[in-house]
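Starting from two chains that each stand alone, build the complex the way the hints lay out.
Protein chains in written order, with my numbering: chain S, 1 to 269; chain U, 1 to 247.
Any given hint could turn out to be false.
[As the list claims (entries may be wrong)] Sample of chain S residues with no beta-carbon within 10 Å of chain U, all distances over it, derived:
{"id": "1", "residue": "ASP18"}
{"id": "2", "residue": "ASP123"}
{"id": "3", "residue": "GLU128"}
{"id": "4", "residue": "HIS196"}
[To be verified] Below, in silico cross-link-like pairs of lysine-lysine (BS3-like), each with a Cα-Cα straight-line distance of 27 Å or less:
{"id": "5", "chain 1": "U", "residue 1": "LYS29", "chain 2": "S", "residue 2": "LYS116"}
{"id": "6", "chain 1": "S", "residue 1": "LYS109", "chain 2": "S", "residue 2": "LYS133"}
{"id": "7", "chain 1": "U", "residue 1": "LYS29", "chain 2": "S", "residue 2": "LYS109"}
{"id": "8", "chain 1": "S", "residue 1": "LYS45", "chain 2": "U", "residue 2": "LYS128"}
{"id": "9", "chain 1": "S", "residue 1": "LYS116", "chain 2": "S", "residue 2": "LYS157"}
{"id": "10", "chain 1": "S", "residue 1": "LYS14", "chain 2": "U", "residue 2": "LYS212"}
{"id": "11", "chain 1": "S", "residue 1": "LYS269", "chain 2": "S", "residue 2": "LYS257"}
{"id": "12", "chain 1": "U", "residue 1": "LYS212", "chain 2": "U", "residue 2": "LYS103"}
{"id": "13", "chain 1": "U", "residue 1": "LYS29", "chain 2": "U", "residue 2": "LYS103"}
{"id": "14", "chain 1": "U", "residue 1": "LYS29", "chain 2": "S", "residue 2": "LYS133"}
{"id": "15", "chain 1": "U", "residue 1": "LYS15", "chain 2": "S", "residue 2": "LYS5"}
No wet-lab data here; the hints were simulated from the structure. The C-beta atom is built at its ideal place from N, Cα and C for all residues, glycine as well.
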Amino acid sequence: MIEFKNIRKSFGEKVVLDDVSHIMETGKANLIIGQSGSGKTVLQKCLVGLFEPNAGEIIYDGVSFTDMTVDERKELRQQIGMLFQGSALFDSMTVEQNIMFPLDMFTTKTFSAKLKRVNEVLDRVNLEGVNKKFPAELSGGMKKRVGIARAVVLNPKYLFCDEPNSGLDPQTSMVIDKLILDITREFNMTTVINTHDMNSVMEMGENIIYLYEGKKEWTGNKKDIIFSKNKLLNEFIFASEFLQDAKDMRMLEAKGKISDDRDMDELLK
Amino acid sequence: MLFFNHFGRYLMMLKGMFTRPENMRMYWKELMHQCVEIGIGSLGIVVIISVFMGAVSAVQTSYQLVSPLIPASTIAQIVRDTVILEFAPTVVCIVLAGVIGSKIASELGNMRVSEQIDALEIMGINTKSYLIMPKIVACLLTIPLLVVISMVLGILGGRLAGVATGILSADTYDMGLLMNFLPYNVFFALVKAYTFAFIISTIPSYYGYFVKGGALEIGRSSTKSVVVSCVMILFADYILAALLLND
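Okay, chain U solo, but in the shape it has when bound (with noise of 0.2 Å):
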């Protein structure tokens, strides 16, 4: 029962949003604003995170090879389809779950509690839409970017460590990149970032805007927020696999 209470306010809070903006060029401000803060904001991490996992995967990968039958080629496929597949999408999206999640539920909540939602209603502001729509706005816009750079930089990481510990040259990382290629696995990733940043979006705002009572409660929203996201990822993530990737 308590589940169909949130998820009928929370599609009700999604229906609230789409309202006439009072002044389009304060929503584009407010968006601009979103963008720098939640794509230049977790850029530092996605690097960060992209790089070691491609290399990690590189150096793991080589370890389970123990045939000398399958070329060192291999490992290069290997790392492109795990962090085209899963790693750039999903985990660097349960990563940005609590970055973006925490913050945005967090932010929220503090306009809730100390009345500064209120104050933009009694203005005459729809908050719904110039709160939480920016945010949306601008997780869809970004995330997938993200997600892309993510890539880029997993595969980059992988040639890296490949190359730095001996396991294979350059030349041979690049072909075995080249080899069975599917553009379709991109397309793939990107429905999920999509999906995904639908998800690290929606769920801290319903959390954040409808937090009652205070500083307690704004922490307690927030790490809810993050653990539902999370969640929910998993089980998208799982529900795209089985829908897109069955032939």
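Pulled out of the complex, with its shape left as it was, chain S reads as follows (with noise of 0.2 Å):
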């Protein structure tokens, strides 16, 4: 569980983040959603000790990240693993030095127990056959794949995602974000998101946060978004008209008044 308390943040005169507070929970999906410049990145690189806040506190299972000194940190971070938008690979290595340097740089494991490691996460991230490919030579969701990999090769208790399915198509997007709530559930890690795609909210929104302007808007549940009120959230979520219609019809179905298995082929004849 990460808890974080008004937290704060500005670079010069602009204020970034305004007194934001929140709890993310172990064993779920927890979504940071926003517009573009509503400060999700902010947030999760003040919560990964990237960006320092100038105000409030970070608390990791109870351990508070914002007293601990920097080697105490240093020792947090081999539990945090992080997928980047843009994958954030090491152009001059392999997929397999790429996913093998964390267990290079922290373990004293035997070459062919880091090598069995490394094959066992692309198979879980169903990626076979690239280890000796170098980043330049994979697609972009392929990219976000190994990034999964690196990033959960130390087994940390901590995912963050940064926009993990910009730049991808709809169903490579469904893929990926299968894949992150799979492992999240599988291991049991405390999984942080940053999105502004509106199929990542509804398919793995377990606990999301809205952040407007640097300020905790709303927060709940993909459930509770068919139903909010809140202005501000339905104009970001359901921008389109289609999403507006599609919002309708789950609120007719959720209310009974029309049949959630219903037969389209047949309505369309």
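Laid out in structure tokens, this is it:
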């Protein structure tokens, strides 16, 4: 569990996060959603310590991250995996070397044990036969999967994903979302995902925080979104007429006014 | 004010490198990799520059020595001293500032922009220590060696050109090389080489590590790092000459 209280972060005069508090739950996909520039990435970078908040406290499983020394933070970070927006794979290394890097750095395992672990995680993200390829030879979706494999290779307790679907087609996005959700449940991790992809929100949103201009505007889960009366959230989530119609359908389904197992082929005849 | 801001951040970067390595074996591997990249990677250009510098200085010295009272062996002495005192340490290091400096700045800049540095930080690795320290140590190990190689090749280049153009015989050249030789000059050249190696590695590291933006900014910071390194080399060259060569 990651708890953050009254986080405030500004760059010069510009206040990017203003008094944001929330609890990210273990074993769940915790989503930070909001428009571009709403402070999602800054909040995530504050949580992992890449940015230092101006005020507030971050607590990892009861231990204050804010009060930790540099060495204590380094130790905690070995329990953190992160998937970056652009995957952040090391260009000069092969896929195998990229995934093996954290093992090389922080374990004393033999090469064969490390290779076994690399193949295990590659298999887990459904990537086989790419060990010797360089990141430049992979597609966007494959890079994300390698990024996930590298993030989970040390069995972290916390997984952070910054826009895991950016630049991916809807089908590949769904595959990545499902993979993150499965891994979160399988290893009982606390997963924090930044996204503004509505498919992801509706697929994975077990604990959602909506940021608007650096402030926590709404919190809930994917079911709550359908019934939310928050104007700003509705404008953001159901921006198009198509999505507004989809929301109306879901509401009618939920209220039992239309059947949720209706035969669309029959209705369209 | 901006200068002090940069200088302060540069010092903080250097201070930030000194922490306990996460895994000594990985740091050693990175150091060896950098030694190969920087040392072996720059060897070709150093060989070419040095041979031609020595050759040209032999021919041009001969062109300027018009008095029949000055023996031909003086050409070898002049070539030897100019190569050891200035050409090998300063000119070669200015070229290396371009070759190595732009490589370091663009490599670190690209890693910063593509979030690879953030990825390493998240893993709990001190990126200043893991990425910058091996580059500095590799420069301090290999650049003085390259300078020594350059001295030898520069003097050989002068000999080759002198003999090939008929300015002086090989024996006369060899005799001139041994006349009035001051070992202190080699010490002075090595002091310069170590100083310049530090400049060549730390300034581009600073510009690359703190780059912000995209591809354009990487290019700009790379160019800026080379320009600043060259100016600092020339400045340090003067300071060292004033301090160490003034009786």
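How the hints compare with the structure:
Look at S:ASP18: its CB is around 24 Å from the nearest CB on chain U, clear of 10 Å, so calling it non-interface holds up. No Cβ of chain U approaches the Cβ of S:ASP123 within 10 Å, the least distance being about 22 Å, so the stated non-interface status holds. For S:GLU128, the non-interface assignment is confirmed: its Cβ lies about 24 Å from the closest Cβ of chain U, beyond the 10 Å cut-off. Distance to chain U confirms S:HIS196 as a non-interface residue, since its nearest Cβ pair spans about 18 Å, more than 10 Å.
Of the pairs offered as hints, the one joining U:LYS29 and S:LYS116 holds, with about 22 Å between alpha carbons and a cut-off of 27 Å not exceeded. Taking the CA atoms of S:LYS109 and S:LYS133, the gap is near 23 Å; set against the 27 Å cutoff, the hint holds. Using a Cα cut-off of 27 Å, the hinted pair U:LYS29 and S:LYS109 holds, with the two alpha carbons roughly 17 Å apart. Using a Cα cut-off of 27 Å, the hinted pair S:LYS45 and U:LYS128 holds, with the two alpha carbons roughly 19 Å apart.
For the hint linking S:LYS116 to S:LYS157, the alpha-carbon distance of about 21 Å falls within 27 Å, and the restraint holds. Among the hinted pairs, S:LYS14 with U:LYS212 is consistent with the structure: their alpha-carbon atoms are about 18 Å apart, no more than 27 Å. This hinted pair checks out: S:LYS269 and S:LYS257 have alpha carbons roughly 21 Å apart, not beyond 27 Å. Straight-line distance between C-alpha atoms of U:LYS212 and U:LYS103 comes to about 17 Å, which keeps the hinted pair within the 27 Å bound.
Taken as a hint, the U:LYS29 and U:LYS103 pair is honoured in the structure, with Cα atoms around 19 Å apart against an allowance of 27 Å. At most 27 Å may separate the alpha-carbon atoms for a hinted pair to count; U:LYS29 and S:LYS133 meet this at roughly 21 Å. Among the hinted pairs, U:LYS15 with S:LYS5 is inconsistent with the structure: their alpha-carbon atoms are about 32 Å apart, more than 27 Å.
Hint 15 alone, counting from the list given before, is not met by this structure.
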